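From first to last, the protein sequence lines are chains P and W. 73 is the number of the first residue of the first sequence in my numbering; add one for each residue after it. 52 is the number of the first residue of the second sequence in my numbering; add one for each residue after it.
Do not rely on the hints blindly, as some may be mistaken.
[Unchecked claim] Here are the computed distance ranges between Cβ atoms for each label pair:
| hint | chain 1 | residue 1 | chain 2 | residue 2 | range |
| --- | --- | --- | --- | --- | --- |
| 1 | W | THR436 | P | THR275 | 49 to 57 angstroms |
| 2 | W | GLY298 | P | ASP408 | 49 to 57 angstroms |
| 3 | W | ASP430 | P | ASP507 | 38 to 46 angstroms |
| 4 | P | PRO246 | W | ASP386 | 33 to 41 angstroms |
| 5 | P | ALA824 | W | GLU230 | 34 to 42 angstroms |
| 6 | P | ASP328 | W | ASN324 | 55 to 63 angstroms |
| 7 | W | GLU230 | P | THR275 | 48 to 56 angstroms |
| 8 | W | GLU230 | P | THR232 | 48 to 56 angstroms |
| 9 | W | GLU217 | P | THR275 | 55 to 63 angstroms |
| 10 | P | ALA718 | W | ASN319 | 34 to 42 angstroms |
| 11 | W | ASN324 | P | SER734 | 37 to 45 angstroms |
| 12 | P | GLU287 | W | PRO192 | 35 to 43 angstroms |
| 13 | P | ASP507 | W | ALA437 | 35 to 43 angstroms |
| 14 | P | ALA336 | W | GLY298 | 50 to 58 angstroms |
[As the list claims (entries may be wrong)] Facing chain P, a subset of chain W residues (Cβ under 10 angstroms, in silico):
| hint | residue |
| --- | --- |
| 15 | ARG188 |
| 16 | ILE224 |
| 17 | LEU354 |
Calculated from the structure, these hints are not laboratory results. These numbers were taken from a predicted model, which means no experiment stands behind them. Just so you know, even glycine gets a beta-carbon here, dropped at the ideal spot from N, CA and C.
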Amino acid sequence: MTMYKQPPRLLIIVLVLLLATISGCSDDSAPVNHSNPPPPVVKDGDIIEYKGPNPTSADVQRFLVNVWSNLATQERCGACHAEGGQAPQFARRDDIDAAYSQALTIVDLQAPSQSRMVTKLAAGHNCWREEASVCADTLTTWLEAWASAAGVEGNVIVLTPPEVKVAGSSLAFPEDSTEFAEHVHTPYLLEHCADCHSPSGSTPQQPYFADKSVEAAYEAAKSKLNLSAPSRSRMVVRLREESHNCWTANCDADADALAAAIAAFAGNLEPTEIDDALVTSNALQLGPDGLVASAGGRIEPNVIAKYEFKTGRGQWAFDTSGQDPALDLQLRGDVDWLDGGVWGLRFLGGRAQAPTAASAKLHKQITFTGEYTIEAWVAAANVTQEGPARIVSYSGGDLSRNFTLGQTLYNYDFLNRTTDTDLNADPRLSTPDADEALQATLQHVVATFNILDGRRIYVNGNLAASDDVDMLGEGSLNNWDDTFALVLGAETSAMYPWLGTLRFLAIHNRALAAQDVKANYEVGVGEKFYLLFRVTDSLEADAIPQGTDAYIVFEVEPFDSYSYLFANPFFYLLDPNKTSESAPPVPLTDIALSGIRIGINGREAPMGQAFANVSVTVSASNYVAGEGLPLSSVGALIPIEQGKEADEFFLTFDRLGSASYSRPAEFRPPVAVPEATSEAGRAADIGIKTFAEVNASLALMTGVPITHPAVRETYRKVEQQLPVDENIEGFLPAHHMGITQLSVAYCNALVADASLRSNAFDGFDFDAAPSQAFMPAGRAMIVDSLANVLVLTTPAGAQVESGPSKAMLAQRLDALIDQMVSCGTNCPAGTTQTTVTAVCAAALGSAAMLVQ
Amino acid sequence: MFKQFRGRGARLREAITKVALIGLLGVPCSMAHAGPLEQAKRLHERLTGVPPDANGDALAQMQQYIANDNARAAAYLAMDNDHFYDVTLVNWAAPWTNRDGNVFVDFNDYIATVVGMVRDEADFRGVLFDDVIYVGRAVSPAYNNSDNAHYEAIAERALPLQTTLERRVQSQITGLPSEATAGVLTTRAASQAFFKAGTNRAQLRFTLMNHLCRDLEQLHDVTRPPDRIRQDVSRSPGGDSRAFLNGCMGCHNGMDPLAQAFAYYNYNYDPDNDPDGLNGFLEYNQPDELDPVTGTRVQEKYLINSTTFKLGFVTPDDKWDNYWRAGANANLGWDLTLPSGGHGAKSMARELAYSDAFASCQATKAFKAMCFREPQTSDDRTHITAMVSNFQTANYSAKSLFADAAVYCMGGDN
């Protein structure tokens with residue numbers, strides 16, 4: 073996987089981290105150009121043409137086509153660096169071989185972005201565009217095309233020992249929480265946050281930084297406070313940017329007040345040196361000390377528009393494809409550059425749009441080949457937007473487009489106008505609903521089209537959607553409209569906005585093959601650095617060869633505007649005196665290494681320590697000479713504090729060689745005791761029976777089994793209408809109706825069954841007319857029987873007095889019977905049984921049964 | 052609302068309603084001065100959901116026990132009633148067996164196992180990890196790994212659970228290896244609810260909710276190392292890593308290393324023709340059964356959405372670790388005599404069951420079931436502590452919890 077080379081007598085160690093296969097750099101075979109010939113150089117109507125002697129090698133030819141033809145114009149480098157001009161004369165027009173030789177002195181094809189030619193431009197040397205970085209990036213693209221044509225498939229990372237720096241001091245949290253209590257806890261957290269962020273709150277929610285115990289609150293608040301930059305404290309950001317339960321109508325003012333309180337707390341603190349007991353590495357900063365791991369290896373020989381969004385300011389996002397005319401995008405409306413030095417645009421309803429005339433480049437280049445690719449790194453803000461919400465569109469209005477990459481909920485949509493679609497490019501291709509391919513996180517999405525393979529959508533390197541086979545081979549791009557405009561983040565009309573972040577966009581006039589999509593996905597997005605944390609001083613003298621240094625190397629990148637990503641750490645030995653003949657160093661003894669934590673600005677980061685559980689022993693047997701020893705395969709996110717130019721990092725270890733740190737026991741907050749509910753807020757002492765209890769009680773009282781078919785049928789109908797909770801305050805009319813229906817069903821079953829009813833109402837004549845049946849004796853049989861099951865009595869005659877009395881029940885039931893038999897001698901047939909059913913249901917469905 | 056009724060039917064319903072409402076309003080709302088008889092009735096109703104049989108002698112016996120200052124004996128007497136099992140316990144456990152906390156679910160093996168363990172006064176901690184399951188004695192159809200018909204038959208026939216359920220060795224009934232059984236967690240009902248699709252994190256989350264009385268929000272702690280959070284968790288939701296660092300991470304850092312214990316389990320069902328998984332079954336990858344996608348015993352679902360964050364944790368096995376033993380969640384009272392890590396669901400579930408939080412949660416749930424409210428005063432909380440103590444003394448018999456809670460809330464000057 074890796075191989076190394078080391079220039080002699082230089083304090084440089086070369087580590088090839090990616091495959092570095094260099095071929096075709098000599099005067100070998102005839103030039104083989106795998107890509108489209110670049111378009112003729114057009115600048116204000118001028119085309120430069122080389123008329124000197126023929127190139128003598130294939131590589132000179134590649135230089136001519138990919139670089140010289142773009143640079144040698146009068147408007148770029150030709151005015152100065154031509155023959156007879158200023159050295160190096162890489163733009164000379166009389167002898168391409170000589171120009172090539174000069175160019176080689178300032179070009180590094182293994183790391184094009186690090187070429188002297190590029191860094192000079194980046195520093196502001198005679199850039200022909202508005203921004204020096206745009207010229208540098210454009211030139212990088214040309215050099216990468218040369219490198220790619222030459223077969224340089226990877227890049228070489230040169231690891232150089234950084235300056236030895238000791239980690240600085242920091243504002244550390246004091247042990248005593250008094251100041252915290254005075255400035256932050258009492259006036260703000262207790263006052264405004266205790267209803268939720270306290271274990272005794274009405275809706276307890278971690279972290280409990282508003283706990284009444286100031287010690288517990290202090291501990292919980294530490295990860296939410298930034299003493300170095302109070303306004304970046306999480307709890308301030310939540311107020312200001314997310315309007316999280318502000319206590320006034322003005323969240324900014326609340327955030328300012330809280331930030332001022334944190335500043336007042338921090339203002340009384342003296343910077344403290346790093347705890348001597350800690351086992352630490354030397355310190356590094358990303359900007360000054362980070363070694364750029366350039367994103368080589370991208371496959372983009374046919375790129376015709378490319379946006380890396382590096383400028384980070386202004387109203388224009390520049391096309392650095394190097395393919396003229398530049399298709400720059402003007403930012404309109406609510407669209408911002410990403411913070412924290414991260415490359416990208418955040419769309420909040422606005423858009424970035426290119427002029428129509430310049431956009432015609434897309435029409436020309438794509439209709440020429442009949443195929444194309446849209447490649448982007450995107451992070452949708454949510455998975456609820458639809459329309460489709462326009463991520464990238466080449467269109468003329470809401471209903472007219474050449475292509476669009478959009479979002480509908482969890483799906484990416486790809487609309488491509490062909491002679492087989494309508495003018496709005498429908499029917500569209502979408503990723504399948506069930507796959508939920510689109511997630512609101514950073515994703516690499518690629519849409520490709522060519523007539524043979526149709527449309528395809530790749531997400532994170534994997535094919536996510538493609539046209540049906542029977543649709544292939546039909547529909548050309550002949551009906552594309554060259555008056556449309558390239559627009560990102562919304563439609564040209566500003567409708568159908570897409571909310572999210574765009575970190576990279578490239579448009580190619582070839583359909584990228586699946587393996588190329590995968591390769592570009594693997595390269596990633598944004599800038600990456602290597603940080604070499606020197607740990608030599610913590611090792612015993614005989615642990616590594618004398619004169620060598622030991623490092624923990626991390627790959628570090630700004631992950632987004634708010635965090636750094638630390639990844640792929642490995643232990644590595646560097647020998648500054650190594651020669652090409654000497655063997656790379658290896659450890660001489662076993663080196664125990666455990667508990668790696670990342671420190672930032674003088675203290676261990678309070679969260680995100682994904683390497684805290686690393687535990688390995690580096691030894692001669694597992695350390696690969698020249699390659700090192702990988703320590704972990706996971707990544708860690710560490711919050712940005714002061715920006716990548718200012719934040720200072722270091723590592724701490726629980727164990728490194730013979731040095732160790734005895735980590736103190738973690739603070740364990742006291743178990744919070746919830747407050748007593750106020751008298752008024754307390755639940756009632758009594759409750760009601762729930763559905764199954766009602767059913768079982770009625771069965772018990774009537775003697776009708778719950779399996780009785782009619783009863784069971786009714787129960788199934790009303791089961792979910794019956795009370796679910798015992799809380800008497802939740803009793804509703806709907807519950808009441810359900811209980812009534814069920815008690816009627818039970819009483820019906822009881823009265824209809826001769827055996828059961830004689831058990832319940834022994835001696836009552838169900839067949840007699842009401843006037844006879846409900847004579848005092850018969851009436852008493854009904855009333856007393858019902859009262860007996862509702863008001864329990866012991867054999868000794870004691871009556872349960874927690875509910876209605878038998879006398880009261882009898883009075884109510886009597887009155888009901890009177891109502892029911894008011895028809896006197898003219899009652900319809902069946903009135904007696906109906907009356908018993910009604911009285912039974914009324915009694916058993918009453919509170920006497922229900923309340924417990 | 053009564054206008055829809057006509058003629059005699061309307062009069063009948065109106066009359067019923069009047070009596071019902073009158074009765075409701077006429078009931079005394081306090082038991083502050085209730086005597087043993089009233090306490091006995093309430094004790095019985097709270098425990099069983101039904102009043103004592105008007106023709107039986109339970110009421111008088113309970114009254115006597117209470118009068119003799121032995122209310123716990125009265126409670127135990129009430130717990131001999133079938134309704135304690137058929138009504139109270141069934142509805143106590145039913146919401147734990149599904150994601151919605153719905154009590155209206157079919158009777159199933161999870162509920163049956165809870166009911167049976169209470170009945171048998173088993174060490175209730177084993178409900179999470181024992182090789183145990185309760186089935187109906189001589190009930191046809193017999194237990195089947197691929198449907199719930201056995202338990203539905205018990206419910207349909209309204210068989211009394213007190214005498215119908217019998218304790219069996221789960222591995223012998225289901226064919227799961229004994230070491231892979233984990234009490235109710237590996238029942239079919241729990242598998243259908245929490246191992247179906249998804250990532251198996253649900254099994255842990257709902258176990259925490261139902262048996263430690265804590266949802267993940269209450270366990271949120273961003274200071275734990277996030278090294279075991281899988282690749283499917285976005286580290287930058289919506290392009291903002293703060294949402295991960297301050298939100299997602301605080302739960303996943305502790306949850307993922309615990310849920311790794313379930314790495315070999317999956318609920319196998321036909322999503323096209325049986326989307327609810329009514330005929331699905333629990334599958335478990337034994338040592339010689341490798342998942343074709345992962346190439347290990349780990350189920351494919353543990354590696355889904357692996358490109359969301361490539362540098363996330365890739366699950367290699369079912370090794371679990373309890374990161375919550377340190378930090379704020381040390382307050383859950385873990386049993387420090389147990390190892391803080393291990394392999395598989397059984398040992399992980401034991402870690403949960405042996406926590407103070409588990410015992411306290413069972414006590415709180417029983418309290419809520421008997422008192423119809425959460426603990427709300429310091430007296431209530433002191434009583435919960437006493438219930439936990441008695442629970443331990445009673446070798447973790449859940450009946451002890453019900454007896455203590457019901458007596459506490461039987462009214463009067465208990």
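Contradicted hints - numbers only | 1, 2, 3, 5, 7, 9, 10, 11, 12, 13, 14, 15, 16 and 17
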